[in-house]
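Modelling step: build the complete structure from the supplied sequences, incorporating the hints.
These protein sequence lines are chains Y and X, in that order.
Start counting at 1 in the first sequence, then tack on 21, and there's your number in my numbering.
Start counting at 1 in the second sequence, then tack on 21, and there's your number in my numbering.
For the record, the hints were derived by calculation from the structure and aren't laboratory data.
Some clues are possibly wrong.
Which copy is meant is left open, so a pair is good if it fits within one copy or across any two.
Unchecked claim - Result set (SDA-like, lysine to any residue): computed pairs, CA atoms no more than 20 Å apart in a straight line:
(1) LYS149 / LYS289
(2) LYS149 / LYS290
(3) LYS290 / PRO223
(4) LYS149 / THR297
(5) LYS47 / GLY188
(6) LYS289 / LEU252
(7) LYS59 / LEU95
(8) LYS149 / ASP235
(9) LYS290 / ALA244
(10) LYS290 / ASP243
(11) LYS149 / ALA286
(12) LYS290 / HIS274
Just so we're clear, the structure is a prediction, and the values are computed from it rather than from any experiment.
Protein chains: 2
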Amino acid sequence: MGFRLTIIGVGLLGGSLGLAVRERIKGCEIIGCAHREKSLVQAQALGAIDRWTLDPAEAVSEAELVVVCTPVGLIETWLDAISAHLQPGAIVTDVGSTKASIVSAGERLIRSPASFVGSHPMAGGSQKGVAVARADLFEDATCIVTATDRTVPAVAEQVAQFWQTLGMRVVRHDPAEHDRLAALVSHLPHAVAAALVACQSPASIDLRGRGFTDTTRVAAGDAELWRDIFLDNAGNVVASIDLMIERLQSVRHIIADRDAASLEAWLKKQAGIRETL
Amino acid sequence: MGFRLTIIGVGLLGGSLGLAVRERIKGCEIIGCAHREKSLVQAQALGAIDRWTLDPAEAVSEAELVVVCTPVGLIETWLDAISAHLQPGAIVTDVGSTKASIVSAGERLIRSPASFVGSHPMAGGSQKGVAVARADLFEDATCIVTATDRTVPAVAEQVAQFWQTLGMRVVRHDPAEHDRLAALVSHLPHAVAAALVACQSPASIDLRGRGFTDTTRVAAGDAELWRDIFLDNAGNVVASIDLMIERLQSVRHIIADRDAASLEAWLKKQAGIRETL
Numbered sequence: 022m023g024f025r026l027t028i029i030g031v032g033l034l035g036g037s038l039g040l041a042v043r044e045r046i047k048g049c050e051i052i053g054c055a056h057r058e059k060s061l062v063q064a065q066a067l068g069a070i071d072r073w074t075l076d077p078a079e080a081v082s083e084a085e086l087v088v089v090c091t092p093v094g095l096i097e098t099w100l101d102a103i104s105a106h107l108q109p110g111a112i113v114t115d116v117g118s119t120k121a122s123i124v125s126a127g128e129r130l131i132r133s134p135a136s137f138v139g140s141h142p143m144a145g146g147s148q149k150g151v152a153v154a155r156a157d158l159f160e161d162a163t164c165i166v167t168a169t170d171r172t173v174p175a176v177a178e179q180v181a182q183f184w185q186t187l188g189m190r191v192v193r194h195d196p197a198e199h200d201r202l203a204a205l206v207s208h209l210p211h212a213v214a215a216a217l218v219a220c221q222s223p224a225s226i227d228l229r230g231r232g233f234t235d236t237t238r239v240a241a242g243d244a245e246l247w248r249d250i251f252l253d254n255a256g257n258v259v260a261s262i263d264l265m266i267e268r269l270q271s272v273r274h275i276i277a278d279r280d281a282a283s284l285e286a287w288l289k290k291q292a293g294i295r296e297t298l
Numbered sequence: 022m023g024f025r026l027t028i029i030g031v032g033l034l035g036g037s038l039g040l041a042v043r044e045r046i047k048g049c050e051i052i053g054c055a056h057r058e059k060s061l062v063q064a065q066a067l068g069a070i071d072r073w074t075l076d077p078a079e080a081v082s083e084a085e086l087v088v089v090c091t092p093v094g095l096i097e098t099w100l101d102a103i104s105a106h107l108q109p110g111a112i113v114t115d116v117g118s119t120k121a122s123i124v125s126a127g128e129r130l131i132r133s134p135a136s137f138v139g140s141h142p143m144a145g146g147s148q149k150g151v152a153v154a155r156a157d158l159f160e161d162a163t164c165i166v167t168a169t170d171r172t173v174p175a176v177a178e179q180v181a182q183f184w185q186t187l188g189m190r191v192v193r194h195d196p197a198e199h200d201r202l203a204a205l206v207s208h209l210p211h212a213v214a215a216a217l218v219a220c221q222s223p224a225s226i227d228l229r230g231r232g233f234t235d236t237t238r239v240a241a242g243d244a245e246l247w248r249d250i251f252l253d254n255a256g257n258v259v260a261s262i263d264l265m266i267e268r269l270q271s272v273r274h275i276i277a278d279r280d281a282a283s284l285e286a287w288l289k290k291q292a293g294i295r296e297t298l
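Quick look at the structure:
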C-alpha cells in the first residue's frame, strides 16, 4: 500500500499532508523539498517527512506521487524545476487555491509518461508554518480535483483516491468552474472579511463581540498568499466582489425604505440557507 | 448583597442573566416575566428564575432592578407596561442591541423616583430560547452602558457595577455614539454575512471550507430580531453598508488593475489589525 511521496513546500499544508499520510497510509516514504532548510529540518523533527533535500531533481527522481504544497505564486516555478526529473508514471498534483493557470502550467510542463492533475483541498488556517501542522487537517473537508479533457481518467482517479484516503470528500470540477466557484465561496469571504476590518475604527473595534470576531477571522490570513490568489483569479474575484456589492446595495435600499416585510423575508432566506450547513 | 431582580423576557439573554446572577450574586430573588408561560416554566425548571408571573405590574412592584431582555422591537412596549408599577428608587435597564430610540423611550416612560439607563451586553448566539442559556454567556464580553445628561451618575454606576459583577468589561458611550459604533462592529457584520450567503449557489456552497462557515456564522441569527435591529438603527446601518461598499470597490479596483503592491499592503494592514484582536 505504501509508495514514495514527495512533498514540495512543508508549511501548514505540506506538513499536515506528511502527518496525515504517515497516519493513514502504511509504508510510505515521504521526502520533503523546499527553499528553506529550516522548515525541512523542523518538518522532519515533527515526523512530517522521513528525509529531505533542497534539490528538486533529487527530491522527485524516485517519487510515485509529488504534491506541490507551496503558496500559489510559487507553484509554476516548482513544476518547472521538477518536470525534467520525474520518473515515468509519476503523478504530480498541487494544493493551490486557484486552478486554471496552475493546471495550464502543469499540463504544459509535466508531460507523458508523467502526469499532472490539479487538486484543491479546502483546508488551512490563518496561522502558517509546519509548527501548526496537524494530521487531521484534511479530515471531513472537501477536496476539488480538477481533471481536464487532457487528463487520463485513471490518473485523476488515483489522485481522488489519495485525498479520500486522507478522509476528504472529493468533488470534481474543471479548472475554470473551480475558479469561478472558489472565488464565490472562498476568495470573496476573504476580501469581505478584510473590507469589514477596513470599515472599523479603534472605538468600534473596542466594542466587538463574537459576531465580528467570527466574521473577520479569515482576514488574519497571510497577505502574500492571498495577494497571489486574488491576482491569479482576478477576473472571477472581481465578478464576485461586484455581485457582493449588488447584494449589499439591495439590502441597503430595503433598510433605507424601512421595508420591514422584504427585510425579514431576505434575512429569513439567508438564515435558512446558513442554518442547513 | 442580594436584591430583588426582575427579568423581563427569558430567552437566551434573559435566561443566561438569571443563571449568571444566581452564580455570582448571593441572596438575590429573581422574578421572571414574559408573554409566554411556556418559556417561564422552562426558565424556572432550569434555575434561571425563582418564580414568575405573566403580569407586568406584579413582576416589578417589589423589584430593585428590572432588566428588559426581550427582542429590540418589544422593549418599548414592556417599558410602557411596567412604568406605572415601579417602586421608588427602582432601576430599569435593558439589553437591546440598539440604544438611541430605546433610551429615549426609557427616559420618557420611566420617571423619577425610578430610573432608566440603557445597556448593551455584547453577548448572544445564533440559537435562541432559554434552553441554550448559560451562566457564562456574559463573562469576558463587553457591555456598553449608555448614560445621558439626564442620567443620575450614581444610577449609571450601579448598572455598570451590576454587569461587572457578571464578569463583563463595561464601556460607556452616549446612545447615539453607541448606535453608530454598534452599526459598524455588530450590525454591519450581520448584513455582510447574510449578503455573502446571498451571493452563493448550491454548487459554490458545496465547496465551502471553514472560511465560509466562520464568515457567515452570524447570518443564521433570528430574522425578526435582526429586522428590528436594522430598522431601529436604519440610518447608521445604511451608512455602514455604504462604507463597506466603498471599501469593496476600492479593493475591487486594486485587483482589477493587478496592482500587486497596493493589494499586499491593503491585505497586510487588515491582517495586522485582525491579528491583534
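Open item on the list: Checking an output row: LYS290 and HIS274, CA cutoff 20 Å. Within, between, both or neither?
Closed with: Result: close within a single copy only, 17 Å intra versus 30 Å inter.
TODO: Evaluate LYS47 and GLY188 at a C-alpha cut-off of 20 Å and name the case that applies: within, between, both or neither.
DONE: within (15 Å within a copy, 50 Å between copies)
Open item on the list: Treating 20 Å as the Cα threshold, decide for LYS149 and ASP235: within, between, both or neither.
Closed with: both (19 Å within a copy, 18 Å between copies)
TODO: First find the shortest C-alpha distance between LYS290 and ASP243 inside one copy, then the shortest across copies, and answer within, between, both or neither for a cut-off of 20 Å.
DONE: between (33 Å within a copy, 11 Å between copies)
Open item on the list: Within, between, both or neither: how does the pair LYS59, LEU95 come out at a Cα-Cα threshold of 20 Å?
Closed with: The answer is within: 18 Å in one copy meets 20 Å, while 61 Å across copies does not.
Task: Copy assignment of LYS290 with PRO223, given that the CA separation must stay at most 20 Å - done: Cα proximity of LYS290 and PRO223: across copies only (14 Å, versus 33 Å in one copy).
TODO: Evaluate LYS149 and LYS290 at a C-alpha cut-off of 20 Å and name the case that applies: within, between, both or neither.
DONE: between (36 Å within a copy, 18 Å between copies)
Open item on the list: For LYS290 and ALA244, with the copy left unspecified, which applies at a CA distance of at most 20 Å: within, between, both, or neither?
Closed with: Only across copies: LYS290 and ALA244 sit 9 Å apart there, 33 Å inside one copy, limit 20 Å.
- [ ] Go through the copies and call it for LYS149 and LYS289: within, between, both or neither, with a Cα cutoff of 20 Å.
- [x] between (37 Å within a copy, 15 Å between copies)
Task: Copy assignment of LYS149 with THR297, given that the CA separation must stay at most 20 Å - done: between (30 Å within a copy, 16 Å between copies)
TODO: Using 20 Å as the alpha carbon limit, work out where LYS289 and LEU252 are close: within a copy, between copies, both or neither.
DONE: Only across copies: LYS289 and LEU252 sit 15 Å apart there, 35 Å inside one copy, limit 20 Å.
Open item on the list: For LYS149 and ALA286, with the copy left unspecified, which applies at a CA distance of at most 20 Å: within, between, both, or neither?
Closed with: between (40 Å within a copy, 19 Å between copies)
Checked against the numbered hints listed earlier, the structure breaks none of them; every hint is satisfied.
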